[in-house]
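There are 4 protein chains.
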Amino acid sequence: MTARYDFASDNTAPAAPEALDALVAANTGFTSGYGTDPVSARAADLIRELLDADAEVRFVASGTAANAISLAALCRPFETVLAHEHAHVCTDETGAPGFFGQGLGLMRLPGASGRIDPESLEALAAPDVSYRQPIAALSLTNATEYGTVYSTEALEALTGPVKAKGYGVHLDGARLANAAAAGFDLKAVKRLGVDLLVVGGTKAGMPPTEAVVIFDRQLARRFDARLKQGGQLPSKGRFYAAPFIGMLESGAFLRHAAHANAMARRLAEAMPFKVRHAVEANGVFVEMDDATLGRLHAAGWFAYRFLDGSVRFMCSWATTTESVDQLAGVLKSIT
Amino acid sequence: MTARYDFASDNTAPAAPEALDALVAANTGFTSGYGTDPVSARAADLIRELLDADAEVRFVASGTAANAISLAALCRPFETVLAHEHAHVCTDETGAPGFFGQGLGLMRLPGASGRIDPESLEALAAPDVSYRQPIAALSLTNATEYGTVYSTEALEALTGPVKAKGYGVHLDGARLANAAAAGFDLKAVKRLGVDLLVVGGTKAGMPPTEAVVIFDRQLARRFDARLKQGGQLPSKGRFYAAPFIGMLESGAFLRHAAHANAMARRLAEAMPFKVRHAVEANGVFVEMDDATLGRLHAAGWFAYRFLDGSVRFMCSWATTTESVDQLAGVLKSIT
Amino acid sequence: MTARYDFASDNTAPAAPEALDALVAANTGFTSGYGTDPVSARAADLIRELLDADAEVRFVASGTAANAISLAALCRPFETVLAHEHAHVCTDETGAPGFFGQGLGLMRLPGASGRIDPESLEALAAPDVSYRQPIAALSLTNATEYGTVYSTEALEALTGPVKAKGYGVHLDGARLANAAAAGFDLKAVKRLGVDLLVVGGTKAGMPPTEAVVIFDRQLARRFDARLKQGGQLPSKGRFYAAPFIGMLESGAFLRHAAHANAMARRLAEAMPFKVRHAVEANGVFVEMDDATLGRLHAAGWFAYRFLDGSVRFMCSWATTTESVDQLAGVLKSIT
Amino acid sequence: MTARYDFASDNTAPAAPEALDALVAANTGFTSGYGTDPVSARAADLIRELLDADAEVRFVASGTAANAISLAALCRPFETVLAHEHAHVCTDETGAPGFFGQGLGLMRLPGASGRIDPESLEALAAPDVSYRQPIAALSLTNATEYGTVYSTEALEALTGPVKAKGYGVHLDGARLANAAAAGFDLKAVKRLGVDLLVVGGTKAGMPPTEAVVIFDRQLARRFDARLKQGGQLPSKGRFYAAPFIGMLESGAFLRHAAHANAMARRLAEAMPFKVRHAVEANGVFVEMDDATLGRLHAAGWFAYRFLDGSVRFMCSWATTTESVDQLAGVLKSIT
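Chains as they are written, first to last, in my numbering: chain A, 1 to 335; chain B, 1 to 335; chain C, 1 to 335; chain D, 1 to 335.
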């Protein structure tokens, strides 16, 4: 029996053909390095178009590093970032924000289904005191870690008070495509006051690549030196830019995300376990006890227990209706 | 006129077909993440075979990060690393070793043509004093930044005294293939006492990828957490491992490097300018004044003035005899 | 009306005469620097005697830095430290552990009255996974932040499982004198497996000074370089060592702490508000609403609301029965 | 024979009576912490008066930390600081700037007798390139490490071009008193564009203390949190502030420095060895071979060989004409 990782994460899938074909197509001739090549320029244009915004764009290898470098750009080491307590930057990056930010803090905020509770922003009212790391930025995630999607209005309720204090805003868009496919307006990102956005390529079905979008031109100053020092200014930049060309020119970026979202809904509908969070993007989180999870693993299907205690199933561009139905059948058999 | 980057660096070339084909071939089915997949396992086996050594192997995106993380693993922030004054870690990584190592120092040693002068190791005899960062490791580069190659004996003369003090040894092998093609015995790396080796994929003709080889098993403890925090534990690990499979199984890793070295020799022979360093690997460094370099740039051929004042021409797997001859012609025309 | 800071903290008091006299006495003649002077040697001997242990001793200026440097010595940046959620390292040091430790994590454990609940050590059983910062050390505080004191047995229940895993142990002894005066056996510190101990001078009634005790000789290697880089290797070391001589030779170190503890008990007995934690050392924590605290401040007496919501009153060597009775009278008047 | 450290450094002396008396005088009553006390306020006023400038002032324990924190405040980790190659920040602080600045670089500039050669500022003209740490600040030292003193004009020639680029300026004033006593106009510091000044207390004859002067109010934002995180916001701030009161109110700050400078001149005049640098402040640097230095040590007098190969003798407030003459006699006897 071969182990099945189909639903273990949205990064267990191979790269989509549109992305890989573009990478292969870009692999021709000699070109200048470190993101100065025409492939990187073209991909940056497409991302600006996607966001309908004038901004600097860089292509990097790691979402963890992209997030951490962004937070470090918005803060000094003695400052702290507001983030959802279960945000990727808080729980899945081995302390990368503190490492790249030399000790910058994360103030973990509560909120149902991965969305920050706006009331927790009362933290902004606390006076600066020297023994505490003062707040300097807000980190958002859309789609959230629990497969829900912030509306523009919900984000405005969070970014508004933060921008009013003059603080920075980072948006982790590892699953921005899924959020957009669920109705989130990408053209609103700039208006919301986001300073630094990470557009996920990897989870959207590309080979490893993430785009860092720098809306605040002041932050762009010497950003390449920042990336280079952090190991995120690839010499062969075209390999990280090309997949975005393939996915954006073809519309596959949003189309594949819409498919992943639809597969998650299909799975949720067939799910014999209680679904804990609204299925708005590409994840399904269900209530399942350890014995049952053990039977699922024994049946050869991997799924992970998540931070809120639920078990997570992720869909991707490569998820098929057949595999959803097959998993649903297995799940029914182990209840 | 299209600008020609053929000789500007060995990372301006596209990926070799053997590497890219393997990447495409690995892009099938779902697989587990973070280097636990069978593609990564197979590539690691091939690297162990190449080095004839039992060692841990990881595949990462960035050579700059791989080097810096290696030095940080060998030192604490208050310690320093011996390195050639023109080594990549000293001059081309925007301070990445100090960033990843939180201030770890680099003690820059002299030496002709990029090779550390063994006499400069007298620094090892200096007593530890609290106001100075004490030595904790040696960083070597083979092939060197000046296209020369250390012999096993020359390396032994450097690693011997360092290991005798109980210090660590890092080998930057961004151009290890070129060194090997020039006669450097890869099977000697472990015997030399190297603790951490970075095997360059990118400059060897692959899409972005580097292999970190951990000879000292004690250093392997929690190395994945170290990499993850540093943004160098790719979720889709197979994309960084597969190119090594393609290049190693086919023998292209060494064959392409031998070709690059041969192209450099061909260029050196046709060179109308004084060649400053022995052409043992894939680079040719010549003496050229600014006016002449300006004429070369005006002719549409890029080349950079290097740290020792010479102008550098790099060859790669993709360099052709035609392009060498064409460049040689241009060079003659501007003398 | 002059504001009264008598009970605001145990660092609002002046230095005790024994400490200051010794400092003045040491201020004679020329001497060698950076802790190599005879005053520092004598003070180190006295601390070894106090602890009945062979250990390296250094004198530094800051408890925050001493704690943070200790944790950084026990961990690498990708690792984490177990600590009580309200420990000074977690709440009062502006992220110093993450700064000095370049992102090292703090795993905040619960426990009544500032003592870590031994059941929370089940965290030790969790397997290392690369996305999480693995545990590398335990940080303890005695006396605790809530004026309670760990018994030797209670500490053993915490250090035992941690040492069994091979991890490090740090003891923040900012109020070690108060713990000792309350019965904690200082000679047990080494036996408990503590690797690095910070003995508080400042809160014990000295001018600013803390002693770092290095029980694990392996950690002592190059510790001076670590301190120097961290700004904690004073050139005029005698000024930080001398106060310890004055306090230890005279017995004032424990005698003053016993007095502070007694003053806290006296205050607790006269307290018209509910005392929340056992008064074992020199602090009294009471339940008081905001309006009442406002009246206290309006009456010119400073006290701070603490992390658990209680209001804290600290006693020191300089607290008098008169001032305790005076405060008690004010407190009664505002109920 | 007791070893003589009189001339080994200017930090081997005891504290001057004016400084210590003020410390003792400040040791009365309870007071608020972390620099909010009246003693700190008064000392800050005196420093503003000394500099004839409106500025924020903080009192810290360590000059090494004060310098490093200042540079970290002026730079991000991927940037670099211009400094004299033999400046304290480059050679005597165990890499503290890189540690506190998480890898920030130091670009070492040449210049005779510790003064930066203005021509070396041509480095400012180099374009930012991502592989190099771009310049962000200039670090100056007055008096210099070689006992010379910059004139206002000489400093202007350095700060002018740096400020014109919008970069920051740090002045290490560990021996600012000696510079002032030699004629340097302290009221010019602000006009020169210095953003952060460290006024040395320790080498000026105080117990350990340094004043950080923040001329640029924008840098003052959250500076206390920065200091606290770096272990340099003393809870008992009055102990670091009081010595400045004693020295400044009495005029001893400049008077003692003038004495130290005079003692250096006296020593230079009696010196049987060639004096290498102009004796403008409190140090004398002479040419002496190893054998002779060995005889000096054997005679019980400590002196250190410095970075330029000369042997350094430092005078302080506590140096007497008798000890100068005694040393001169010993020196003559060993020639």
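Treat the hints as calculated values from the structure; they're not laboratory data.
Fair warning: there could be bad hints in the mix.
Repeated chains share a single entry, so a pair holds when one copy, or any two copies, can fit it.
Said to hold, decoys possible - Taking lysine to aspartate or glutamate pairs in the DMTMM-like style, the calculated list, with each CA pair at most 25 Å apart, reads:
(1) Lys190 to Asp325
(2) Lys190 to Glu287
(3) Lys165 to Asp92
(4) Lys332 to Glu249
(5) Lys165 to Asp216
(6) Lys190 to Asp289
(7) Lys190 to Glu269
(8) Lys190 to Asp52
(9) Lys274 to Asp289
(10) Lys274 to Asp45
(11) Lys190 to Asp128
(12) Lys163 to Asp289
_At most 25 Å between alpha carbons: which applies to Lys190 and Glu269, within, between, both or neither?_
For Lys190 and Glu269, the Cα distance exceeds 25 Å both inside one copy (35 Å) and across copies (56 Å).
_One pair to classify: Lys190 and Asp128, alpha carbons no more than 25 Å apart. Within, between, both, or neither?_
Answer is neither; intra-copy 28 Å and inter-copy 28 Å both fail.
*Within, between, both or neither: Lys165, Asp92 at alpha-carbon 25 Å*: between (28 Å within a copy, 24 Å between copies)
*First find the shortest C-alpha distance between Lys190 and Asp52 inside one copy, then the shortest across copies, and answer within, between, both or neither for a cut-off of 25 Å.*
Within. Shortest intra-copy distance 9 Å satisfies the 25 Å Cα cut-off; inter-copy 46 Å does not.
*With identical chains treated as interchangeable, where does the CA-CA distance between Lys190 and Glu287 reach 25 Å or less: within a copy, between copies, both, or neither?*
neither (37 Å within a copy, 47 Å between copies)
*Using 25 Å as the alpha-carbon threshold, which applies to Lys274 and Asp289: within, between, both, or neither?*
within (11 Å within a copy, 43 Å between copies)
*Can you give me the call for Lys165 and Asp216, within, between, both or neither, at a CA distance of at most 25 Å?*
both (16 Å within a copy, 21 Å between copies)
*Tell me, please, which holds for Lys190 and Asp289 at an alpha-carbon limit of 25 Å: within, between, both or neither?*
This pair counts as neither: shortest intra-copy Cα distance 42 Å, inter-copy 44 Å.
*Could you place Lys274 and Asp45 in one of the four classes (within, between, both, neither) given a Cα distance threshold of 25 Å?*
Cα proximity of Lys274 and Asp45: none, with 43 Å in one copy and 44 Å across.
*Which holds for Lys332 with Glu249 at a C-alpha limit of 25 Å: within a copy, between copies, both or neither?*
neither (40 Å within a copy, 44 Å between copies)
*asked:* Treating 25 Å as the Cα threshold, decide for Lys190 and Asp325: within, between, both or neither.
replied: Answer is neither; intra-copy 39 Å and inter-copy 51 Å both fail.
*With 25 Å as the alpha-carbon cut-off, assign the pair Lys163 and Asp289 to within, between, both or neither.*
neither (42 Å within a copy, 33 Å between copies)
In terms of the numbered hints stated before, the structure departs from hints 1, 2, 4, 6, 7, 10, 11 and 12, listed from lowest to highest.
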